[in-house]
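The chain contents come next:
There are 2 protein chains.
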Amino acid sequence: MTDQTPLVIFTPSGKRGHFPVGTPILTAARQLGVDLDSVCGGRGICSKCQIAPAYGDFPKHGVTVRDGALSDWNEVEARYDRVRGLKKGRRLGCQAKVEGDIVVDVPPESQVHKQVVRKAASTKPIVMDPATKLVMIDVVEPDMHSPSGDLERVADALQAQWDIGPVTARLPVLKALQPALRKGKWQVSVAVHTPAGSDTSQILGVWPGFHEGGLYGLAVDLGSTTIAAHLCDLSDGRVLASSGLMNPQIRFGEDLMSRVSYVMMNPGGDAEMTAAVQEALNTLAVDIATEAGIDPALIFETVIVCNPVMHHLLLGIDPVELGQAPFALATSGSLTLDARDIGLSDIAPTAQLYLLPCIAGHVGADAAAVALAEEPNTSQDLALIVDVGTNAEILLGDTNGVLACSSPTGPAFEGAQISAGQRAAPGAIERIEIDPVTKEPRFRVIGVDAWSDDADFPADTQITGICGSGIIEAVAEMRMAGLLDASGLIGSAEATGTARCEPTGRTHAYLIHDATATGGPRVTVTQGDIRAIQLAKSALYAGARLLMDQRGVTKVDRVVLAGAFGAHISPKHAMVLGMIPDVPLDKVQSAGNAAGHGARIALCNRAARTSIEAIVRDIHKVETAVEPRFQEHFVNANAIPHATDPFPELAQVVTLPNVAFGASGSAPGDGGGRRRRRRG
Amino acid sequence: MTDQTPLVIFTPSGKRGHFPVGTPILTAARQLGVDLDSVCGGRGICSKCQIAPAYGDFPKHGVTVRDGALSDWNEVEARYDRVRGLKKGRRLGCQAKVEGDIVVDVPPESQVHKQVVRKAASTKPIVMDPATKLVMIDVVEPDMHSPSGDLERVADALQAQWDIGPVTARLPVLKALQPALRKGKWQVSVAVHTPAGSDTSQILGVWPGFHEGGLYGLAVDLGSTTIAAHLCDLSDGRVLASSGLMNPQIRFGEDLMSRVSYVMMNPGGDAEMTAAVQEALNTLAVDIATEAGIDPALIFETVIVCNPVMHHLLLGIDPVELGQAPFALATSGSLTLDARDIGLSDIAPTAQLYLLPCIAGHVGADAAAVALAEEPNTSQDLALIVDVGTNAEILLGDTNGVLACSSPTGPAFEGAQISAGQRAAPGAIERIEIDPVTKEPRFRVIGVDAWSDDADFPADTQITGICGSGIIEAVAEMRMAGLLDASGLIGSAEATGTARCEPTGRTHAYLIHDATATGGPRVTVTQGDIRAIQLAKSALYAGARLLMDQRGVTKVDRVVLAGAFGAHISPKHAMVLGMIPDVPLDKVQSAGNAAGHGARIALCNRAARTSIEAIVRDIHKVETAVEPRFQEHFVNANAIPHATDPFPELAQVVTLPNVAFGASGSAPGDGGGRRRRRRG
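Just so you know, the protein sequences line up as chains A and B, in that order.
Residue 612 in UniProt numbering sits at position 612 of the first sequence, and the numbers go up by one each step.
Residue 395 in UniProt numbering sits at position 395 of the second sequence, and the numbers go up by one each step.
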């Protein structure tokens, strides 16, 4: 190649080289190692290799690009534009050929390793590199004089045309192979799965010619209470649909330990729960595909994250060992299985399942997924990441190391075991403020934009209860308004000066809203509700403190609240309650469903699987169940915000009234010192 | 180690070394790399490490072994002897410890890579090295402070105690793992499968403590007509039971091409045939295990060999491409699958299936198995190996290279399409001689030792027909006795001088035996029978000749007759018939069921799998269907023994009468020149 041949410069990579006139841009890109996508291998079918040529003077690059620097539109491009429409200024990289010096921009969507921008701006984008990819190949026709199987010639084509190493195929693919090759006239598209860290691939699907239908993956966060799934396009990582349903195992027990007990009491109970959750997952897969308008048989990958008990029950492993010390997992490593092994019978028959590794007997693949999404191991400052749910997963760490534990918060944060509690759904009070002078509440209801005291708050709003974030705000507001003392005791009407503090037996309850006139409930916060929240928040705080002890610190730099519910918690209220350690309020971030995001990362990026497996090995696990200090932290955390730890950052924002409603002003006898239930 | 420590010499290996007093013999053997077996890892349970110490003067080795050179019997040995009995002079290698210079003989059955002696003395023994092995391990108990899964600690134990690399486990094993570990008090036996050429193993089974039940494998020769299976002990290769059944696909078509036609005519017909053969295999597996008195769930490996059409129908692949040029296989490589994938649902749920590679579209895994058993590639002289069945697999080769083809002989050699033909079973005439002077026959019947003209031949013998080897001898004897001319025409009673040559329409038949008096058939050889045999033998000979053409030779050094039927063919009669090329009679060997033997080798020896995959790649495939010379060879081979090829070796043994019964003495119009059916 001499300097006489045209210069091709790619942006944004800046890669450049000289190529003979007539070289397709895709070819030039491949030779230079430019990240330009193609599925059809340069046949002008897939349109993945779209590029944007730039004309004019480019002093920075030292070239002038003249009209005619690329070949004219050819028939393939014209047809593509006619049928599907090509964005203005775009060319197909496989069709446009070099005629003169040219600057070629590769738009983000044309990169193989394109980045998927996530909602939370604080987190890094996902780089696309899924384990399952679609490629189109030309296969050599059979020759009886040099006989070889069709599969072997497909393997040769994958090697020669896509540099994909040894491949295997299971029976569903072997059955489909010969008709597809002949129908496609020896051109087929194949879905190729390469497990992380492997150099052997498996063909999961085959289609005649170019497969228009795409490949899809399912990222599932299998929680004790809810199952949430994202359906992703494996070519670009887009979430096409998200869906969720209740975990049907709830009928066997609300929390994990009651499910383990169910197995102990009912031989075969594990098989019942396994069948229930497998069936639910299969239904969810079909429903989400239907919602997105795709064929469920095009789902070729599934990534599931869940806690250890869910993990074992999903796989059909008796979880009884997880219910007693030393809490031994049957397997802690990541698993790559056939999805059909866990009853996913309505997606692709060859679909693969990847389960993230578990961190310990009480710290599951969901915590690993949070670690993958939030990357505490790369944090410069010391981050405390709390995935709030029926069970809280807690991670503490920075580049010097990461610690993890789980803590049994119980279902109170999700609105369960609360007198007027309900799941976050229309009609639920989700935010609340209490006037410190009048002690009157105002609130917002899910599904209504206005606050309850706004003029445009609809008079006919159905108010059905209070959800998890609502109860946290209510308790914190009650504390701030002087209706609740540090021990968690609600004051009487006399002591607080508001008739909303109603006597209920020997204790009091605060009335937020009386909806009985419209057939609704009386929404109150009872003394029992306060106790339930105290138990939950004490468990959470004690878990965090235990990790801080292990790390030898008394404060953290920032707090990340994760979990579907964590995203809705007000940092200030969480801190008034003493759920989380004291940090500046602007250092409390919300990460949304970090476990689900972690699942999606593992779905879209093969290397992330290797990475999390290594990270998990390095995480220091702390077992809350047997740490004597956990109990001590738990008792001290029972006060609101805390009996002994100062909250100086909180004090800068909020001054808590110094009230006391008990005989002695100390915590009453029904306080949270005794925890019988181990986990939620 | 100084020369002061005792010297331990192992025989027959001759390996020697000095070891401190108190070293167990098993430990010494392992350190020296002596091939001494052990499953329990030295716990005195499995008795696989039995050794025979030798005492006295050994000038050859330069040592004198004194009494007391080994430690006294300990309790473990005493208990073992009490419960199971230890052969006189034997010790347990893991219990007997070095006390002085000692010579230790390792008997053949105590070697890991023990040799399995096969019946045919001409063939090499199988060296035991199965893909699935049983080992016993001590597993570290779980520790919640350094949590890891039970599987991960099992993997650590396999690595440390048996040098077995990374392992995986599927759900059935994960489910069984925790109970087994606890029941076995952290001592378990595991069945570990390591595919040929892989460094990753899979745990297929787990048992508490020492697993007494053994591991078993099934070697299956899946033929068009019959399915034959050997159940082997994977520890020593012993055949515990052999069983066979008819291929139920026969109801869809007698030969391969009629089955392919059935699929073409009946959409879904392939699925019917797949279900039929899979069900038959599962039944066979259970039956053979029952016969051997073992639990079918202890069958962990299955090796199947079969022709390409059977191969595809077994796997559920539509075989239609095999029915037309270019006879493309869906896959030609070897396959390792889960046995449950082909419906083997009653053996171990994790059982593995290995299918040998196919050589070409018409030359299957059965031919590959014959190549593995007979090793033409290592033959110093040029060997022609013929696996005679409904379809004949033919291999020609020596160390300079191997050629292969298949030839559609049809079912005549198996007694089908023969007027009095029947399968080889009691009552069938299997051997026959015809007196050249009197033209009277004498014969032997399956199930009776005496010849028919012996005094002690039971008068009440039920004679039901004539089997494959019987019809071959009959035709050859008729030719030698002058009842049949070279063109294949049977002479009349007048021309031959015997009333046994009866007119039947325009042709004649030779009466072997009239059993009508006892309610049996009239067993005759008709002109149609002769034609069927001529078609079959011409196809066989033409295939062999085609390979000889390709190799550029007109004679071979030796002929091996393989196949269940091949073992029963008399070499002289086969040569009179012109089934096989002319060689000295003592150069015609019988190899028994070589395909089945090949399957057994692949079952017992992992390296054989890698080896046959390489051999198959090097075999030169010849497609008889499209070779013009095949037709020419076929026509010339129609004469008995041959129209043009001289048979000088045969002539030294047999002088064939120069008779001619046709008008011109040449082949009549109904001769075998036209072959419509492609394959059998």
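Please note: incorrect hints may appear among the correct ones.
Unchecked claim - Stretches of chain A that chain B covers, calculated by requiring three or more beta carbons in the stretch to come under 8 Å of a beta carbon on chain B:
| # | stretch |
| --- | --- |
| 1 | 15–29 |
| 2 | 137–149 |
| 3 | 420–427 |
Unchecked claim - Sample of chain B residues lacking proximity to chain A, with all beta carbon distances greater than 12 Å (derived):
| # | residue |
| --- | --- |
| 4 | G17 |
| 5 | H61 |
| 6 | D129 |
| 7 | M144 |
| 8 | H145 |
| 9 | S146 |
| 10 | G149 |
| 11 | A160 |
| 12 | K175 |
| 13 | D270 |
| 14 | F327 |
| 15 | T336 |
| 16 | A459 |
| 17 | K587 |
| 18 | R617 |
| 19 | G662 |
Said to hold, decoys possible - What follows is a list of derived Cβ distance ranges for each label pair:
| # | chain 1 | residue 1 | chain 2 | residue 2 | range |
| --- | --- | --- | --- | --- | --- |
| 20 | B | S261 | A | T283 | 41 to 47 Å |
| 21 | A | T378 | B | G165 | 29 to 35 Å |
| 22 | B | L240 | A | S345 | 36 to 42 Å |
| 23 | B | D338 | A | L240 | 30 to 36 Å |
| 24 | B | T200 | A | L245 | 34 to 40 Å |
Because the hints were derived from the structure by calculation, they are not lab data.
All C-beta atoms, glycine included, are put in the ideal place defined by N, C-alpha and C.
Hints versus structure:
1. 15–29: violated (count 0)
2. 137–149: holds (count 9)
3. 420–427: That given contact is violated, which follows from only 0 residues of the stretch 420–427 of chain A lying within Cβ reach (below 8 Å) of chain B.
4. G17: holds, 39 Å
5. H61: holds, 49 Å
6. D129: Given that every Cβ of chain A is farther than 12 Å from that of D129(B), nearest at about 23 Å, it holds.
7. M144: violated, 4 Å
8. H145: violated, 7 Å
9. S146: Violated, since 8 Å does not exceed 12 Å.
10. G149: violated, 3 Å
11. A160: holds, 17 Å
12. K175: violated, 5 Å
13. D270: Contrary to the label, D270(B) does not stay out of reach of chain A, its closest Cβ about 9 Å off (not over 12 Å).
14. F327: violated, 5 Å
15. T336: At about 8 Å from chain A, T336(B) fails to clear the 12 Å cut-off, so the statement is violated.
16. A459: holds, 56 Å
17. K587: At about 31 Å from chain A, K587(B) clears the 12 Å cut-off, so the statement holds.
18. R617: violated, 9 Å
19. G662: holds, 38 Å
20. S261(B) / T283(A): 41 to 47 Å: holds, 43 Å
21. T378(A) / G165(B): 29 to 35 Å: holds, 32 Å
22. L240(B) / S345(A): 36 to 42 Å: holds, 37 Å
23. D338(B) / L240(A): 30 to 36 Å: Given about 32 Å between the Cβ atoms, the range holds.
24. T200(B) / L245(A): 34 to 40 Å: Cβ of T200(B) to Cβ of L245(A): about 37 Å, so the range 34 to 40 Å holds.
Figure legend: structure checked against the earlier numbered hints; hints not met, in rising order: 1, 3, 7, 8, 9, 10, 12, 13, 14, 15 and 18.
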